[in-house]
Each structure stands twice: as structure tokens, then as C-alpha cells.
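Single-letter residue listing:
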Amino acid sequence: MSSPSQRRIIKELQDMSRDTSSGMEASVIDPQNMTHLIGRFKGPPDTPYENGEFAVDIQLPDNYPFSPPKMKFSTKVWHPNISSQTGAICLDTLSAKWTPVLTIKTALLSLQSLLSAPEPSDPQDAEVATMMLSDPEAFKRKAREWAIHYANAPSTAQQSRGPSVEERRQQEKERELQGYDERTVDRFMDMGFSVSDVVVALRRVGVRPGQGRLSEEVAQRVAEKLLGL
Amino acid sequence: MKVKIKSWIAVASWKWDVPEDEVCGICRVQFDGTCPNCRFPGDDCALLVGKCGHSFHMHCLLDWINTESSRGLCPMCRQKFEYVEQ
Ligand SMILES: [Zn+2]
Ligand SMILES: [Zn+2]
Ligand SMILES: [Zn+2]
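The listed protein sequences derive, respectively, from chains Z and Y. Following full-length UniProt numbering, the numbering of the first sequence begins with 1 at its first residue and continues without gaps. Following full-length UniProt numbering, the numbering of the second sequence begins with 1 at its first residue and continues without gaps.
Note that these hints are calculated values from the structure, not bench results. Take the hints with a grain of salt, since some may be wrong.
EDC-like cross-link-like pairs, simulated, lysine to aspartate or glutamate; straight-line CA separation at most 20 Å [claimed, not checked]:
| no. | chain 1 | residue 1 | chain 2 | residue 2 |
| --- | --- | --- | --- | --- |
| 1 | Y | K51 | Y | E22 |
| 2 | Z | K11 | Y | E68 |
| 3 | Z | K11 | Y | D32 |
| 4 | Z | K140 | Z | E119 |
| 5 | Z | K42 | Z | D57 |
| 6 | Z | K70 | Z | D57 |
| 7 | Z | K142 | Z | E174 |
| 8 | Z | K76 | Z | E25 |
| 9 | Z | K70 | Y | E68 |
| 10 | Z | K173 | Z | D135 |
| 11 | Z | K97 | Y | E22 |
| 12 | Z | K142 | Z | E127 |
With the rest of the complex left out, here is chain Z (with noise of 0.2 Å):
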């Protein structure tokens, strides 16, 4: 015979288990303990703590749901709102503003959204709030350490010794341009054609790299050759 307590607990679990698009998973450690939890859940992207894989340990009491579930962070991490020594959190939708139609799913999507919202004013490790404010960018990267270290983030060290997309981009477009002026290329990309039709055109018309603005009969030339005039 269950409790009622338990019953919603099977629900809780049923359901998360059926739902694969919230990324909230938990389990029981011991199928004979339903009070034991554990909860994973992936860093939310654009934070340091990006494709961590975050393991929350959950105590349910005696009373749940009428009482929150108890959770820390059994994965160590680097926040001002999370203790670096214990895991225990600082959330009040955990404490105070705890209500029974709150689930554990729900409590989870909180806390993967306090990693994206650290509140350093309101702190729980105050070493950590201290960096977060005074040194913001030793911050992130002591986050991003922890969560390579600890969370199994997958580490950015190759990406961020090399070019991002966007200068790879701009690099590839500088080797195509071959010397002639940007600013004069991008007129006619405007229209459409391609980096490499744009220089085939100038050349063809007798603009030679590094020429700076093109008079309009000169524009009007490249243009027709663009077309197929």
C-alpha cells in the first residue's frame, strides 16, 4: 500500500520519463526508496556551464508535495548561488516560495535556470560572488574549468585558441577578395553575385585591387558584366 506521497512520486517520475523534450531527467538510486532521488540535467547553452551534465541529489520528505524537495547539486559547481564546498543551494522556489503544484521537474528547469541567472547579490558561496563581481571574466573561466572538470563539459580550449565561425568567415572572404576593396565587392554581393564573381567582374573590366571607389560608368561596366550584358 502506498502513500499518497508516494503515488504523486510515481506520477512525477512516470511522466518525466515519458517526456524527452524538457532534457529533466530523475531516478530512484533505490527502487525500495522513493525519497531518494537523483536529477540530471544539461548547462543551459551561452554559460559556462554549456553541455554539463549536472547531477542533483533529491530528498523527498515525509510530506511531499505539501513540503519542498530537498536538492543539492551532487556535481560540484562554480555559482554564486551554489556552495563549492556542498552542493546546497540558494533558491526560494526550494524554500519559501515552494508550492505543492510544483514538481520536481519544475524544480530542476529552476535550478538549470539559475545557472543561467546567477543572482551574486543574494549569495550561498560568497568566495564565489566575490570573483563574480570583482573579476567577472575570472568568473567564467573558473565556471568553465569546474564544468569541463567536474561536469564533463566538453572542453572549448581548441575552439577558443582558434577563429569562431564568423572569423573564418571573414578571413575566407578577405583571401577571395584578393586585394580589391571590400566596400566596393559588397555593392555588388548586395545584388547577389558571389565574392569570386565580383572579382572575376572588376578584373574583367579593368579595376585593379586596391582601386578605390569606382566612378559610376566604371560600377555600371562591372554590373553589365555581372549580368551577362
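Please build the complex by placing chain Y with the ligands on the supplied structure of chain Z, with the hints as guidance.
Below, chain Y with the ligands without anything else, positioned relative to chain Z:
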């Protein structure tokens, strides 16, 4: 490209299999069944309809209201829960 996170973390974006207004938000049991504290459907396990528009099994809501942390608020919208006399 900057992804706006604030919008997709909205806590209200989850769904249960049954429409939200057909289950008691507290026990997640459909309103045509009893709350988990009662065995048989019937008058004893009444529905409470709030002035805020949110409904719950009476037993479920009382369990919540009797906790200190509820402060008498509707668990859905956190307005003071006042039921509509039926
Ligand atoms: Zn109910
Ligand atoms: Zn009942
Ligand atoms: Zn309400």
C-alpha cells in the same frame, strides 16, 4: 547568436497527459477520481473551486492550507485562496 534563455525556462511550460484543468494540481489525480486520501468517489471528497479560478480536491487543498508555509495562498497563483460557495 544569442539565445534568450529567460523564455524557455518558464516553469509553466511543462504538461501532464491530461489537461491542466482536469487534474488536481496537488495530487495530480483527475477530478473524476477521489483524492489519494479517499477510497471511493463521492460527496465526501468534494472539489473546491477558488475565486481565482483554480480548483483542487478539498482534502488536498486543506492539507496544503494547514501547513504553515502555505500562508493561505492558492498553490497555483499565490493569491489568497477563497473558495466559491456552491
Ligand atoms: Zn487532489
Ligand atoms: Zn479526498
Ligand atoms: Zn489560484
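Results for each hint:
1. Y:K51 to Y:E22: 17 Å, holds
2. Z:K11 to Y:E68: 26 Å, violated
3. Z:K11 to Y:D32: Since the Cα atoms of Z:K11 and Y:D32 sit roughly 17 Å apart, the hinted pair holds (cutoff 20 Å).
4. Z:K140 to Z:E119: 14 Å, holds
5. Z:K42 to Z:D57: With a Cα-Cα distance of about 15 Å, the restraint between Z:K42 and Z:D57 holds, given a limit of 20 Å.
6. Z:K70 to Z:D57: 8 Å, holds
7. Z:K142 to Z:E174: 36 Å, violated
8. Z:K76 to Z:E25: It holds: about 18 Å lies between the C-alpha atoms, which stays within 20 Å.
9. Z:K70 to Y:E68: 18 Å, holds
10. Z:K173 to Z:D135: Measuring from Cα to Cα gives roughly 36 Å; hence the hint is violated.
11. Z:K97 to Y:E22: Not satisfied, since the Cα-Cα distance of roughly 24 Å exceeds 20 Å.
12. Z:K142 to Z:E127: Cα-Cα ~12 Å, so holds.
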